[in-house]
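A.B. asks: Using the sequences and the accompanying hints, generate a full structural model.
Sequences listed follow chains A and B, in order.
Everything in the first sequence is counted per our numbering, starting at 1 for the first residue and increasing by one.
Everything in the second sequence is counted per our numbering, starting at 1001 for the first residue and increasing by one.
Do not take every clue at face value.
Calculated pairs, DSS-like style, for lysine-lysine (alpha carbon to alpha carbon, straight line, at most 27 Å) [what the hints assert, rightly or not]: (1) B:Lys1042 / A:Lys157; (2) A:Lys148 / B:Lys1026; (3) A:Lys160 / B:Lys1014; (4) A:Lys157 / B:Lys1279; (5) B:Lys1046 / A:Lys49; (6) A:Lys157 / B:Lys1161; (7) B:Lys1324 / A:Lys160; (8) A:Lys159 / B:Lys1324; (9) B:Lys1169 / A:Lys159; (10) A:Lys79 / B:Lys1026; (11) B:Lys1318 / A:Lys159; (12) A:Lys160 / B:Lys1095.
Cβ-Cβ distance ranges computed for the label pairs, FRET-style [what the hints assert, rightly or not]: (13) B:Asp1259 / A:Pro42: 14 to 24 Å; (14) B:Ala1074 / A:Gly77: 27 to 37 Å; (15) B:Lys1264 / A:Ile145: 40 to 50 Å; (16) B:Asp1259 / A:Gly77: 48 to 58 Å; (17) B:Asp1021 / A:Lys140: 18 to 28 Å; (18) A:Asp28 / B:Pro1175: 47 to 57 Å; (19) A:Ala147 / B:Gln1048: 22 to 32 Å; (20) B:Lys1376 / A:Lys47: 18 to 28 Å; (21) B:Ser1263 / A:Asp106: 19 to 29 Å.
Since the hints were made in silico from the structure, they are not lab data.
Just so you know, even glycine gets a beta-carbon here, dropped at the ideal spot from N, CA and C.
If you want the building blocks of each chain, they are given just below.
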Amino acid sequence: MIGNVIKYEQDNIDTDVIIPGTYLKIHDYNELATHAMEGLDPDFPSKVKDGDFIVAGKNFGCGSSREHAPIALSTCGIKAVIATSFARIFYRNSVDGAFLLPIEIDDETYQKISNSDQLEINIENNQIKNITKNETYSMKPFSEIIAKIISAGGIFKYKK
Amino acid sequence: MNITEKILARASGKTTVSPDDVIFAKVDKVMVHDVSGPGVMKVFDKLQKQGIDTSKLHDSSKVWIAEDHFVPSAEKVSAENIVKLSNFSKKYDIKKHFKYGMGQYGICHTLSHEEALVNPGEVYVGGDSHTNTTGALGAFACGLGHTDVAYVLLNGEIWFKVPETYYFKLDGKLPPHVMAKDFILKIIGDIGNDGGAYNTMQFGGTGIDEMSIESRLTLANMTTEAGAKNGIIESDEKTVQYLKERGATNASIFCGDADANYSKIFEYDASELEPTVAKPFSPDNITIARELSSTELDKSYIGSCTGAKYEDLLAAAKILKGKKVKIRTEVLPAAISIYKRAIKDGLIEIFLDAGATVGPPTCGACCGAHMGVLAKDEICVSTTNRNFPGRMGHVESQTYLASPQVAAASAVTGKITDPRDLN
Ligand code: SF4
Chain A
1 MIGNVIKYEQ DNIDTDVIIP GTYLKIHDYN ELATHAMEGL DPDFPSKVKD GDFIVAGKNF
61 GCGSSREHAP IALSTCGIKA VIATSFARIF YRNSVDGAFL LPIEIDDETY QKISNSDQLE
121 INIENNQIKN ITKNETYSMK PFSEIIAKII SAGGIFKYKK
Chain B
1001 MNITEKILAR ASGKTTVSPD DVIFAKVDKV MVHDVSGPGV MKVFDKLQKQ GIDTSKLHDS
1061 SKVWIAEDHF VPSAEKVSAE NIVKLSNFSK KYDIKKHFKY GMGQYGICHT LSHEEALVNP
1121 GEVYVGGDSH TNTTGALGAF ACGLGHTDVA YVLLNGEIWF KVPETYYFKL DGKLPPHVMA
1181 KDFILKIIGD IGNDGGAYNT MQFGGTGIDE MSIESRLTLA NMTTEAGAKN GIIESDEKTV
1241 QYLKERGATN ASIFCGDADA NYSKIFEYDA SELEPTVAKP FSPDNITIAR ELSSTELDKS
1301 YIGSCTGAKY EDLLAAAKIL KGKKVKIRTE VLPAAISIYK RAIKDGLIEI FLDAGATVGP
1361 PTCGACCGAH MGVLAKDEIC VSTTNRNFPG RMGHVESQTY LASPQVAAAS AVTGKITDPR
1421 DLN
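C.D. replies: Below you can see the structure in the form of structure tokens.
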């Protein structure tokens, strides 16, 4: 999976900025996408390209259980969020709904990745290749259940 | 095993479970509201297209529905969501649908205890992050997204990784003017807004034994703000009594084993706690209320699943009695049953005499959706649980999270005020 980075050098990017509460009444995925990241970066929907990755600090997606958050990001084209840690509901919504990959990295890797870098994510060997900088990083492996749900394509396709 | 492990072991048909085990737990109760309900329906639509049968729920008697986030409907989309929700409960024969404008209704987490919908020892999941609230009754209560709730509705179970448990021990009785809200804000300040991430936050000790059920609910409610999977308090006689008074017929005490394991223990002395406030823009950004006495306010908000239970209204009314508010003050009881009791006991009259506006139960302004959102640069003191940028309105508004007593005292002075300093 190859994509370009949109980096937010920030911890605790919460669901209220990813998709503000006033839009929770909306369940049309395309309409939600037009408001993605509105509380932090109103230009996001116009600058994001299909296949891009978001890179951010710790506790990404903290706050509400709104599935609108991974839905809005993935409908915009985001294929993975790469962060130093995730809030639990955002993480599980991303995986169980098969919206995007939540990828955990360490602080050092987070520092090394810059905005606009082109990355190749390889979840089979837990590696992230920075094509722009010609560097290779390791990502935290998914736990067994998460890896299985991801490869099945979401909770409904996963067989116990 | 501790109480969370015991509940998850029972629900997954195992004799014992340990942290990090992945289990499929049978779910006893499920909640959706007017945001997660339509979200679940959207998931059902997708599943149908994939050929998955969504014509029957696993057990519709376990499901209940709340209308809270977007009632009263401010515009057409919200109004249509309510219609969709009604069609959903009709189609799947869901009997417990608490409808706006038809008797008892209110904020989902408030109904879970006011209507005794969840019993000690049960597994309860809801399509809302503050589902953690109901863990105060001794249940495993956990918030999930739409896809997971859809899975539970169709299959009656869901996967969990058994969490580690952090135990928060409170000794002694809270001093006058200090509330459960102050204690949970202090905890979140200490451990940070991801300090409980993926774990259980359990509360116990003599301070918790002393506490009313409603105070315990405030603690469990805000475990979400520390990222916890669930908040929990072992049930006792008080819990059972509380649920029986609200119509429960099979509530009984459910506790962990005496030799239960906790991965961390945090100890607090109640006498050292003080009125505490979380400054913008994070619930862990705390300080004591007195430090903020020069912070000028535009609004005081007494509402939400965190801060508009009966006891919260009573605490605010005691402060507002015979006084006048200096800033816009809104009081929204969290359920009709609480509203009625507040009328009967004269609390609503106190609020109105003080100049506050009293509104119907709704999440509206708490999640910045409608019913009194904040304008740019406005500053609010609020009994709610979150203060991220834009949470209660404009992204450049500010919210200070506080107890109902601090919110009421601040309404009187127009500045953040420690209730102990109010003449
Ligand atoms: S009152 Fe606020 S925190 Fe509680 S359920 Fe409603 S929106 Fe969520």
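A.B. asks: Indicate, hint by hint, whether the structure satisfies it.
C.D. replies: Each hint, compared with the structure:
1. B:Lys1042 / A:Lys157: Given that 27 Å is the threshold and the Cα spacing comes to 17 Å, the pair holds.
2. A:Lys148 / B:Lys1026: holds (20 Å)
3. A:Lys160 / B:Lys1014: Given pair A:Lys160, B:Lys1014 holds - Cα atoms ~16 Å apart, limit 27 Å.
4. A:Lys157 / B:Lys1279: violated (43 Å)
5. B:Lys1046 / A:Lys49: holds (24 Å)
6. A:Lys157 / B:Lys1161: Cα-Cα ~19 Å, so holds.
7. B:Lys1324 / A:Lys160: violated (61 Å)
8. A:Lys159 / B:Lys1324: Distance of about 62 Å is beyond 27 Å: violated.
9. B:Lys1169 / A:Lys159: violated (41 Å)
10. A:Lys79 / B:Lys1026: violated (32 Å)
11. B:Lys1318 / A:Lys159: Cα-Cα ~56 Å, so violated.
12. A:Lys160 / B:Lys1095: Given that 27 Å is the threshold and the Cα spacing comes to 31 Å, the pair is violated.
13. B:Asp1259 / A:Pro42: 14 to 24 Å: Hint violated: Cβ distance 54 Å, outside 14 to 24 Å.
14. B:Ala1074 / A:Gly77: 27 to 37 Å: holds (31 Å)
15. B:Lys1264 / A:Ile145: 40 to 50 Å: 24 Å Cβ-Cβ, so the 40 to 50 Å window is violated.
16. B:Asp1259 / A:Gly77: 48 to 58 Å: The hinted range 48 to 58 Å holds for B:Asp1259 and A:Gly77, with Cβ atoms some 52 Å apart.
17. B:Asp1021 / A:Lys140: 18 to 28 Å: holds (20 Å)
18. A:Asp28 / B:Pro1175: 47 to 57 Å: The hinted range 47 to 57 Å holds for A:Asp28 and B:Pro1175, with Cβ atoms some 51 Å apart.
19. A:Ala147 / B:Gln1048: 22 to 32 Å: Distance hint for A:Ala147, B:Gln1048 holds at roughly 28 Å.
20. B:Lys1376 / A:Lys47: 18 to 28 Å: At roughly 24 Å between Cβ atoms, A:Lys47 and B:Lys1376 fall inside 18 to 28 Å, so the hint holds.
21. B:Ser1263 / A:Asp106: 19 to 29 Å: Since B:Ser1263 and A:Asp106 have Cβ atoms about 22 Å apart, the given range 19 to 29 Å holds.
When held up to the earlier numbered hints, the structure conflicts with 4, 7, 8, 9, 10, 11, 12, 13, 15 and fits the remainder.
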